[in-house]
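Chains as they are written, first to last, in the UniProt record's numbering: chain A, 1 to 262; chain B, 1 to 301.
Treat each hint with caution, since some may be false.
[Stated by the list, open to error] Facing chain B, according to a computed beta carbon distance under 7 Å, are these residues of chain A, among others: (1) Asn176; (2) Gly181; (3) Gly195.
Just so you know, these hints were derived from the structure itself, not from any lab.
All C-beta atoms, glycine included, are put in the ideal place defined by N, C-alpha and C.
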Amino acid sequence: MVRTYLLLAWTWLRASAQYPIPMITMALGSFVLNGLDVAAIWVIFEHTDALGGFGLAEVMFLYGAAGVSFALADMLFGNVDRLSQHIRAGTFDAVLIRPASAFVQMTTDRFGVHRFGRMAQAAVVLGIALPQLDLEWGRAWMIPVMIVCGLVIFTSIFTLGGALQFLLTDAPEVANAFTYGGSTLTQYPLTVYGGDLVKAVTFIVPLAFVNWQPGLYVLDRDDPFGLPHWLRFAAPAAALILALAAALAWRAGIRRYRSTGS
Amino acid sequence: MPRRHPEEAAFPPRARFPSRPRPPARTRPPRRSGLLSRTRLPLYARIARYGFRRHSAYRAAALAGAFTNTVFGILRAYVLIALWQARPGLAGYDVADAVTFCFLSQAFIGPMQLFGGGLQLAERVRGGDIAVDLARPASLQAWNLADDLGRAAYLLLLRSVPPTLVGAALFGVVFPADPAVWGFFAVSFLLGVIVSFGWRYLVALSSFWIVDDRGTQSLSLVLMMFFSGMVLPLNLFPGWLGALAQSLPWAAMVQIPADVYLGKRDVPQALALQLLWAAALLALGALATRAARRKVVVQGG
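Bound-form chain A, shown alone:
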């Protein structure tokens, strides 16, 4: 499975390298476009010292950690959101009869180097934010854990969004509200949002475990919403449960799939 993935991704990379100028401008564009979010945070902090009770370095840390998770998920598995295009064009039939997993084929579809742009941008932000935090290094072990858990959570959401497109073939953009919306949500400390929304992203769509709950541990902060302390170690469990749900949904979607016949 991993070998197939690498082979297909490498093939698509070589294909996209045939047009080097668009490839480079797209990578740059992606880097700068995501940099705009940082610019927005910077502009906000030109006008205030704290947003939702968190300072600039802390917000940048939360942003960077979620950003790296999301960029990894988007780069490795995000192409699954092109599923509805394949269903409509009838090319998903060809995917199903090939001797490789449909999921692997979909996620490597048009794998392009431009996706490194987002990744690089988030990593730079995290790299700049971390030294300014004055962290207790005994707590730093959580940072790689939260990035991996975030990767699993975002990948699961991408997969759920892909599975949803078996149902909503004509309205794939609904999935964007959860995938890219999830990325936007986790860019800011959750104290910015209302209490109901925070409960929803803790217990229903576990976005709070991407960077918020583990981040509270890293920053050694009390939970402003008064949720139990053990939740900040619950990210791996939340990621596993969501991944299981996503796998089941994907299987159900594939079973339900009927060709357009064209």
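Knowing the structure of chain A, use the given hints to seat chain B on it.
Relative to chain A, chain B alone:
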């Protein structure tokens, strides 16, 4: 953020336009009554109507877009509320103004096509269909403008109204009481769509010179997102950056119409700036179309 509007990539465009204006009197079918009957409308009005109808085929996609725009509107509104609670009265807005700005900017995404695209021009250049377009006895630019206005009118109904209503229900948005403001806003909105077209047309024309336009598209996206006021209201930008951003063409797409709606801007000056950019971009587009006519190489056979 969503990268491309789904319908462009998913439905390879095949315009269903009649190839030329109808032939004169004798062969003309019996005249039908009604304002929109096809025989009475001039060519470009008819194309605008077809643009409207073609997009109405993708209702589910438009509603999905409205849903996504609404979700993003809610998330962004919370961030702006947090900022304005920390700094009441910042940049001349109060909290209600900031929330209104947020939902208006989400409402503009569809009609102004703020993520780029919307025109099928680039794809038609790549595919060679552009040869047919250039052979038509009509201006390529005016044809595309008419089609784009039809698209914008449809998306205004389906993608602009729902986010605004949800925003009003959840957070409360400002509704101007003065009918004159609504009139000015309508004009400003229309000019915004035309400026947006002028810009996107230039970007799409670049595919005459660079066959793969994805790179230009992504650079255009950066400029449009940041300098229109989509990411943050431009009046928050510090110093010279703010002054510069307010006078660039992208401001005419979000910031100026929203300010006209909120009554935060001198109306004649705002409309004049939009008009200026609309004229400048359309003139540039006309020049570029001329150059493209000489440059065009139709691929394939």
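Cross-check of the supplied hints:
Restraint check, Asn176 of chain A versus chain B: the minimum CB separation of about 4 Å is within 7 Å; hint holds. Evaluation of the Gly181 of chain A hint against chain B yields a held restraint, the C-beta minimum of about 5 Å falling below 7 Å. The interface hint given for Gly195 of chain A is violated, since its Cβ lies 11 Å from the closest Cβ of chain B, which is over the 7 Å cut-off.
The structure does not agree with numbered hint 3 stated previously, though it agrees with all others.
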